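Asks: All chains, full assembly: derive it from the sequences and hints.
Each protein sequence line maps, in turn, to chains A and B. Counting from 1, one number per residue, gives the positions in the first sequence under the numbering used here. Counting from 269, one number per residue, gives the positions in the second sequence under the numbering used here.
A few of these clues could be false.
Simulated pairs of lysine-lysine, BS3-like, Cα-Cα distance not exceeding 30 Å [to be verified]:
| # | chain 1 | residue 1 | chain 2 | residue 2 |
| --- | --- | --- | --- | --- |
| 1 | B | Lys-338 | B | Lys-292 |
| 2 | B | Lys-338 | B | Lys-291 |
| 3 | A | Lys-42 | A | Lys-23 |
| 4 | B | Lys-338 | A | Lys-42 |
| 5 | B | Lys-310 | A | Lys-70 |
| 6 | B | Lys-292 | B | Lys-310 |
| 7 | A | Lys-23 | A | Lys-70 |
| 8 | A | Lys-42 | A | Lys-70 |
| 9 | A | Lys-70 | B | Lys-338 |
These are calculated hints, taken from the structure and not from any lab test. No experiment lies behind these values; they were computed from the predicted model shown.
Protein chains: 2
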Amino acid sequence: METAGTAEAAPQPAPRPGLRERKKRRTRDALLRASLELFTTKGYEQTTVDDIAEAVDVSQRTFFRHFPGKEEAAFAVQDTVEAHFVQALRARPRHETPLEALRRAVLDSWDTISDAVESVVPVELYLRMFWVIESTPALLAAYLRRSVETEEEIARLLAAREGLDVDADPRPRLAVAVFGGVMRVTGRQWSTGEDFSLAAIRALTAAHLDQIGPALAGNWRTDDGVDANPCADPCADPDPDADPGADPDADPCADPDAGEGATPGADV
Amino acid sequence: METAGTAEAAPQPAPRPGLRERKKRRTRDALLRASLELFTTKGYEQTTVDDIAEAVDVSQRTFFRHFPGKEEAAFAVQDTVEAHFVQALRARPRHETPLEALRRAVLDSWDTISDAVESVVPVELYLRMFWVIESTPALLAAYLRRSVETEEEIARLLAAREGLDVDADPRPRLAVAVFGGVMRVTGRQWSTGEDFSLAAIRALTAAHLDQIGPALAGNWRTDDGVDANPCADPCADPDPDADPGADPDADPCADPDAGEGATPGADV
DNA sequence: GAGGCTAGTGTCAGTCGCTGACAAGTGACA
DNA sequence: TGTCACTTGTCAGCGACTGACACTAGCCTC
Chain A
1 METAGTAEAA PQPAPRPGLR ERKKRRTRDA LLRASLELFT TKGYEQTTVD
51 DIAEAVDVSQ RTFFRHFPGK EEAAFAVQDT VEAHFVQALR ARPRHETPLE
101 ALRRAVLDSW DTISDAVESV VPVELYLRMF WVIESTPALL AAYLRRSVET
151 EEEIARLLAA REGLDVDADP RPRLAVAVFG GVMRVTGRQW STGEDFSLAA
201 IRALTAAHLD QIGPALAGNW RTDDGVDANP CADPCADPDP DADPGADPDA
251 DPCADPDAGE GATPGADV
Chain B
269 METAGTAEAA PQPAPRPGLR ERKKRRTRDA LLRASLELFT TKGYEQTTVD
319 DIAEAVDVSQ RTFFRHFPGK EEAAFAVQDT VEAHFVQALR ARPRHETPLE
369 ALRRAVLDSW DTISDAVESV VPVELYLRMF WVIESTPALL AAYLRRSVET
419 EEEIARLLAA REGLDVDADP RPRLAVAVFG GVMRVTGRQW STGEDFSLAA
469 IRALTAAHLD QIGPALAGNW RTDDGVDANP CADPCADPDP DADPGADPDA
519 DPCADPDAGE GATPGADV
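Replies: Pasting the structure below:
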């Protein structure tokens, strides 16, 4: 479970699924690909479940046996990505502060997301699908609701990690909600911008996390708040090209006191 | 418009709508009330549009002529509340920092929301409906999507107020997203708690806004971060019973430097 | 006040997402 | 080989929603 990265020579847990199982998986994969292909070309609303079923040459009923609804097909890959992030967060060393851990987990997962996605569909299809989600009201709504569920999971995870009761102390849920809000703004800007690449969203993520402090700072007209408030950039990452996926414990910013010196006094 | 409260001897802008108009409004109101009544008793999913139409003794088609969908009926009051908040935000004096203005606008609108709601439906019905929204996945999703739209509006409002380009400077959207995240957590906890009153959510709102700093502070295990980071409570409100709606410019916390002295150095 | 215009409504038919029930085909396994 | 179980197709039906058509009742003009 924890040793992600080198999981190819799995010794035991792959006893060849059997023909029926493989057949089932094949139709499911075909339905998923057809769904994403149609969603990203015709649009989500313009694609009927009959269209998808017809493209795979199965009955409509079969589609609903593989996916609870049209929506779930649209989010199948997104779910993989979010699970990937949660796993990256679980892998963070315990000495990191919650916000440090969140920050590094996202950036890590952007660096390593390609492999996780490519095993299901081409990454390019996922990127296009993200845009469809952002620009389709029904999907955006579903996406946000799912995010709330993920945030609850993360809040519990962080609370457990810090030894807090998530129902008694509001800080875990608040911190995760703040973080989630920033991620949402990031994803939105990414999906509407020109550079629709993984490198772009990684850079955008880091930049936005760095801007939480200034955004919450008292005054935007004068820049007295910028750099004066360290709420949210506990550890700026000066090297976007680094590969944190190699060894999470050995990156150059593991020490909470290292990395930045521009926050006099109030650094926490 | 602005003189809510004593609006009976309206001089000009009430030329009596005419019988047809009045009849139309009456059926719309009846549909709305029946909707909320059924949603809060039977549940949203368990209530069909036919149920609502039958309760008002009109055809199903008529319902869809008054509301674009079942969903919109559920959010009719919520829309009023959000518009109320945006208006309260517009009324904030320009010398307040963005976060000050946001904080005071919410607290103000919680103080004055009763009148705004009561003109449409009983407040108690609105409170019950809020719980229905929070606990019905489809409505929660729609609620979150609407919140995103509201947040975009608020971000543009704050950006204009501060003289920033909302597309060039990420701070407005980030600040509003953070604020929105906190409001979401607040609403969620309120709807699941015991004290389901307006006073309760007002107190919860203030408490959670005060906790943004601590939540983003470096370390939750030791309390070194608590009170050391002033990101988000630029002006703690020590008097929950005050009525800020009376005169927004005369409240005891108008001066950014007043109100708290526990944030040495980094207060912004 | 009669007549025409139009907005609000009812009725009907149809689309789309989704579900339960039943029957048929086909791997799995003894 | 035969039985069992799982996958699929077919069919009927519900609920949200929409377009088309006809009817009624305010409204406005002459």
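Asks: Taking the hints in turn, state whether each one holds.
Replies: Here is what the structure says about each hint:
1. Note on Lys-338/B and Lys-292/B: the hinted pairing holds, with a Cα-Cα distance of about 18 Å set against a maximum of 30 Å.
2. Between Lys-338/B and Lys-291/B the CA atoms are separated by roughly 21 Å; this keeps the pair inside 30 Å, and the hint holds.
3. Of the supplied pair hints, the one linking Lys-42/A and Lys-23/A holds, its CA atoms being roughly 28 Å apart against a limit of 30 Å.
4. For a cut-off of 30 Å, the pair hint linking Lys-338/B to Lys-42/A stands: about 27 Å separates their Cα positions.
5. Proximity of Lys-310/B to Lys-70/A is assessed by CA-CA distance (about 27 Å); at most 30 Å being required, the pair is judged to hold.
6. In summary, the hint linking Lys-292/B to Lys-310/B is supported, as the alpha carbons are separated by about 26 Å, within the 30 Å threshold.
7. Between Lys-23/A and Lys-70/A the alpha-carbon distance is near 21 Å, which keeps this suggested pair within the 30 Å criterion.
8. Our distance criterion of 30 Å between C-alpha atoms is met by Lys-42/A and Lys-70/A, whose separation comes to about 14 Å.
9. For the hint pairing Lys-70/A with Lys-338/B, the CA-to-CA distance comes to about 20 Å; that is within 30 Å, so the pair holds.
In summary, this structure violates none of the numbered hints.
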